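Q: For reference, the chains in residue letters:
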Amino acid sequence: MTADRYAHNRVRYHAVIVGGGIYGSLVAKRLSENGWKVLILEAGTGSVATWEGYSAAVDDYRAALHKSPNSPYLPNPAAPSPDNTDPSGYFVQQLDGPLYASDYLRTLGGTTLHWEGVVPRMHEGDFLTQTRYGVGKNWPLKVHDKDPSALSPTTLAMLHKYYSEAEFELGVAGDAKALGKSGVMVPKYTYPMKNIPQSYLDRKIAEVLPEKIGYGPHGTASVEPNMVPAPQARNSSPNPDYRKGEGFRPVGAIGIPNYGERCQGNSSCIPICPVQAKYTPLRTQSQFKDDLVTVATRSVVSRVLFHDPLEKSRPRNGRATGVEYKVYEDPRSRAFTTHYAEADIVVLAAHAIENAKLLLASGVDNKHIGRNLMDHPLVYAKALMPDTRGVGGNIGPHRGPPATSFLDGFRDGAWRVGFSPFRAAVSNWGWGGMADAFSHEVRALVDEGYLPHVDEKPKAAKHLSGRALRRKLAGHLPRQFQMELLLEQPANENNTVTISPDFRDNLGNFRPVIKYAFGSDSDYVVDGARHAVAVARELFTRLGAKEYGSKVAPVRKPGDEAVIARFEDGGFHYDIVGARHGAGTHIMGLSADDSVVDEFQRSHNHPNLYAVGCGSMPAIGTSNPTLTGAAMALRSADQIHSDLMDLHNTLSVTLFEKAGQ
Amino acid sequence: MTAPLKPDPTGEQFAADERYFVDMSVPLTGFSPEDLYATGMVEEYQRTLIARIGAQRAADLYRHYRKKKQEANAKSPVPDELPWPTATDDPILADAARAVVKMWYVGAWYGLSPAAEAKLREAEKTKPQGVAPNEAFMVSPEAYLNGLVWKVSGGHPPGGKPPGYGSWQSPPVPIPAPATGSYEELS
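From first to last, the protein sequence lines stand for chains A and B. Throughout, the working numbering is defined as the position within the first sequence, counted from one, plus 7. Throughout, the working numbering is defined as the position within the second sequence, counted from one, plus 2.
So that you can see chain B by itself, here it is in the shape it has in the complex (with noise of 0.2 Å):
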């Protein structure tokens, strides 16, 4: 797994590599790739969203955050959020960076507004990528256990990782902020 990530992989390339998903999830979720890969949740998400949008279309979203990356990494200082895919350059992108953030945090996936799901029905007729339908829907109970939202809240989620007895009486543990300056990159 030391080649390098290529800048514009196909569906069945991104697909066969996580390492895609974490690259693109570093800006979106402003964590690390060690945070994202600690989750254990990588690749059942990444399966989420391919399922939910397609292969190829992952792998555009993918793209689209490698070169919002580099953009950024430019600049100085380097800027704490990254463009979303424009609304109107690609909707069905924009609402499933918004899904994959919500992914991250909350461990749901949330689908797509309606006016995104009909485009992508609609694209769907004529170049399939075989998606399926976009419900609410918690991925999987490690998927809520491992929420980043946690990470965040000064707290635990509730019905799992239990701090252990009379924890709760001592200071809760600093939260760490997030990192600045450059974002990684897996290639």
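Here chain A stands alone, though its shape is the one from the complex (with noise of 0.2 Å):
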């Protein structure tokens, strides 16, 4: 381990990289392969990176009652993790106005640890959002010398080796034939494991899909609609004509390397899956070499420095020299001692809204830092299959992956321009999704006789048992689903993470402050809302479901889940929520004047000082982010190794290609 605080029996590493999440990790690895020493620094405790303590997590997560994406994981008040229920329990945030609606988790494994695990490619069109339909920010890449509302061949190339790239580490299982054109994609691309099959729903939905869809204001736009297999990085099958036969040995569990299952349907993906079926990052950590990358948990980063704590001589010349970090014994005492590992390059890799956190403590100087916070606007549409008496309205909810299937040709087109893009999937998991949501039927019938947004509210409470209740819940459960609508948010500068001495958890680190709503975009969004919500009833209609949702506006307790905003369409009052994709507090662009990192996700600042992420990005499209910060972070992996290649004189250096370059 690293020196205690300004000894001097100090260990130099290569590079430091704070957070052991799965952008952290996949830095870690690649480094490591090239032979770098490398030191992770996390904050919360590994309790679940054993067979053991995952398999606790499992017991915690069935145990709970609330089973929220957090559940399974300890809270650990050293390093505290936001919860949706209690949005300024972590944050601080106004609680009368809209809210930064979405959590993430601080142990090591990260938020990945409770991810879907879906991992759409970005469309061309999501990365030049500016210059195409005039919304949000562009990425800083090299754009077609003859169109630049096109990427450069180039790009799309590096793009696509990364994407490919990140597809390996994630083992993911798609069909690339079926995808078609949804995302930057080559001809001929095989996925690293065979597609996951489409459920019984998703069926049902192709069967009555119109060639056409009237859409947008006056179904002015028309759009071919398609039920196209989403990738997903979970176990299938290998797929024996990965990278033209080579094929793909997919990682086995933690702790457990020989036990490897494919997706069984447990349908408990967010928040952990039993049978590790799916990938979280400590799969990627489990390939670490030991005596190349340290782990150490309950760290948690304080600042980077830009000076030498132990040689005060030593000058300052804008590079980050390492970080100052705090060790606690027990997560519920204030106790911690203060250490400092040194790099040659510091990673910041600790969330979008952490990264944030920490650069501003660190005393970065860029106006941009903590600007232009993104979540994906997420809008739920329930229904329920007709009520045939009998299996034909039973479509089976909790069975299977949450989402198999993505409606496909919503998420890019010259619409763009007025109303957000949408993504659809058909949620495999009924309403509310997660899996408690059917215990609220069975306790409004108990306690008061009647189903939630079906039935009217009986005046008296009336209170069902026996037969009767066992035989509306089995006419009104298996009939559950609902259409998940994830929307595109633009950047916005007004929406920050900012920090103040006034707000500090229990070790003295800063919570973070958060300023967050639609703001000049609602429209933007909302509309688009409307617009995916009409989608959906087109759906319905065809399937002869009907919808159901709140008729009433419901007025936030204490203990609901937050809500970015609300909006009321034909009748019902629909939330929009946040769906834990934070990004953009760190955006990427062409200098410090408009941005905190270049293309790299180097700070403009600081040239040895790279912030890895959603962060990172200035636009999200209607992809779920992970895989191209996946991505990112393995390109940024390979300049990192470039540079350290420069730093070390190493006389091959000319050898190397830098990364995409």
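Calculated directly from the structure, the hints in this document are not laboratory data. The structure displayed is predicted, hence computed values, not measured ones. Be aware that one or more of the hints could be misleading.
Said to hold, decoys possible - Subject to a maximum C-alpha distance of 30 Å in a straight line, what follows is the list of computed DSS-like cross-link-like pairs (lysine-lysine):
id, chain 1, residue 1, chain 2, residue 2
1, A, K564, B, K121
2, A, K464, B, K153
3, A, K44, A, K168
What the hints assert, rightly or not - Partial list, computed: chain A residues near chain B (C-beta under 8 Å):
id, residue
4, V65
5, R69
6, A71
7, L81
8, N401
9, A475
10, L480
11, A481
Where a beta carbon is used, it is the ideal one built from N, C-alpha and C, also for glycine.
Both chains are sitting in their own frames, so use the hints and assemble them into the complex.
A: Next comes the structure, spelled out in structure tokens:
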């Protein structure tokens, strides 16, 4: 381990990485593969990184009354995580306005422990929304010589290269041919694993899908919808054709390397896969070379240092020298010791909001830090399949992964000048999607005698029990399904993460102060949501299904899920919630005048400081961002390798291509 | 365990023989004794009920449902739900019965209403049966996995009892309808 505070028996690393989540783990793995010595500092504990610890988390999830995404993972006051049902518990934000409505997880493995595992690539248009549609911000990538609204062939090749490398690291199952033009892709590409079957419900919908759907204001945009299989980072069967016949071998479970299951359909990917069929960063960590990668948990980085605290005479030259971090023994205690880790390269990989916090706490002089906080606004449309008094209405909710298909065609098009595009998924998990959702129906019937959203609430409470209760539930729950409509939110400088000496956690580290709303983009997002809901309704009609929802404006009570905004449409009140896709707090761009990092996620201000992850993204389109983040992290790792080769003045440096340059 | 059930068990007798709890759970849940035993949860739920309201009150609840079940079985057609203990007679038992139903379906003890809970605390002062505070909690990880709700949902409990790779592409299995006719009696 590293030196005690300001002691002189220090160890120097080639790179110190802040955060043991997906991006930090991918960077560490790749750097160590090139022989570099890496230290990962993880703020949380490593309690789920063993078979026993992971199994205990599965049990804790089963035993949790409220099965929120963070429910399997122990609360940690020394490195707190935000919670959607308590939106000002860790975050500092005003509760009477729009709320930043997403959580993340600070423990070894990070938020990607409880991710959905759906990994679409971004569309070419998503990288150039400003040029193409006058919306949001462009990615600072090289565009085509003759057409500034298209990416250059080298950029497309770079994206494809890193996307496919990320798909290798994550072990993605998919059918590239069926995906067609959905995202940046080259022809004849093969995913590492075979496609995961589409659900029975997906097939039911595909059967009634029209060739064209009129979409947008007065149906002005005509879209040819397609139920494409969703690429997913969970085990199916390895594809023997992968990499021209090389094949693919998935990584086994943590602590039991020879135990590696295909997806068994546990239907609990969010928040935890009991058999570890879904990718988590723990898999990447299990491939670390022990002699090159040190993982230190319970080590909360408080700031990046630009001087040498052990050798005050060392000149300051704008380079990061390392990080200061606090080590705690007991998560419940306020006691900690302070340490210093020294490195050639510092990589922040701690989540968009935590990265912004650290850049601010470190005094990095860039006015764009913490601005442009984004998320994917998410809307659910709920429906019941027709009651055919038999199996016909039963679509079997809670079978399989949450989304096995996308309703594609609405993610990119000329309409993006006026309103947000959307990515629709058919949720296989019933209303609400979470495992405790059905308890609401049971409790409402037993305590009050009615089904929420479906029946009128009786004036005097009735109570159902016995065969009557059983029959009522069996006639309702199996018919529940919902469309998940994921929208684009353009970057907006007024959505901010800041820090204040007034708001600190138990160890004296800053709590993120958040200001977040759709603001001037409200029409863009909400109009997009209305048009998306209209498409969902069209499908409901074709299925003979009936839409249900809240007919009265809900009022947030303590303990309720946080909501960004609400709107009314067709007699129903819809909540727009967060998708846990926090992004855009240290966006990439051309210079410090317009952004925080460059296209390699390297600080414009400090040449050896990187901030990786979704925080670097100037736009996230309608793609779940983890795959793109992983691709960009691998690209950064290649650039860091090149930087380190330069720094260490290795003779062969010229032989190494700089990443993507 | 073949001795017939007593019509009027004491708290000790109720606690010593799980058949009392199963017998009253049949009309409360609408499931057969075999279904209830097959969850593996009988004894844990019985203990949970006793710990939260006391053994004697649990035995009183049994007596209520034994009587109502016999009345129902004499009717034609047999009604598909039985009268609850009335709130005016005994708000504690009325709420406890509903808590038992929810426990069987969801695996969680949701406790009593504030009014019934206050009555319970009051009653404990004069004739204590020794009861734990009524906070909502999941009885155990297994209780969640064995909730009856998953037998009528068309699916399975998320995070357990997985139906196997690719099973989600097939139509779900039909859900059996509840029985009609007389309620089973375990005596």
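Q: Does each hint hold? Answer for all of them.
A: So, going through the hints one by one against the coordinates:
| no. | hint | verdict |
| --- | --- | --- |
| 1 | K564(A) to K121(B) | holds (27 Å) |
| 2 | K464(A) to K153(B) | holds (26 Å) |
| 3 | K44(A) to K168(A) | holds (25 Å) |
| 4 | V65 | holds (7 Å) |
| 5 | R69 | holds (4 Å) |
| 6 | A71 | holds (6 Å) |
| 7 | L81 | violated (15 Å) |
| 8 | N401 | holds (5 Å) |
| 9 | A475 | holds (4 Å) |
| 10 | L480 | holds (5 Å) |
| 11 | A481 | holds (4 Å) |
The structure does not agree with numbered hint 7 stated previously, though it agrees with all others.
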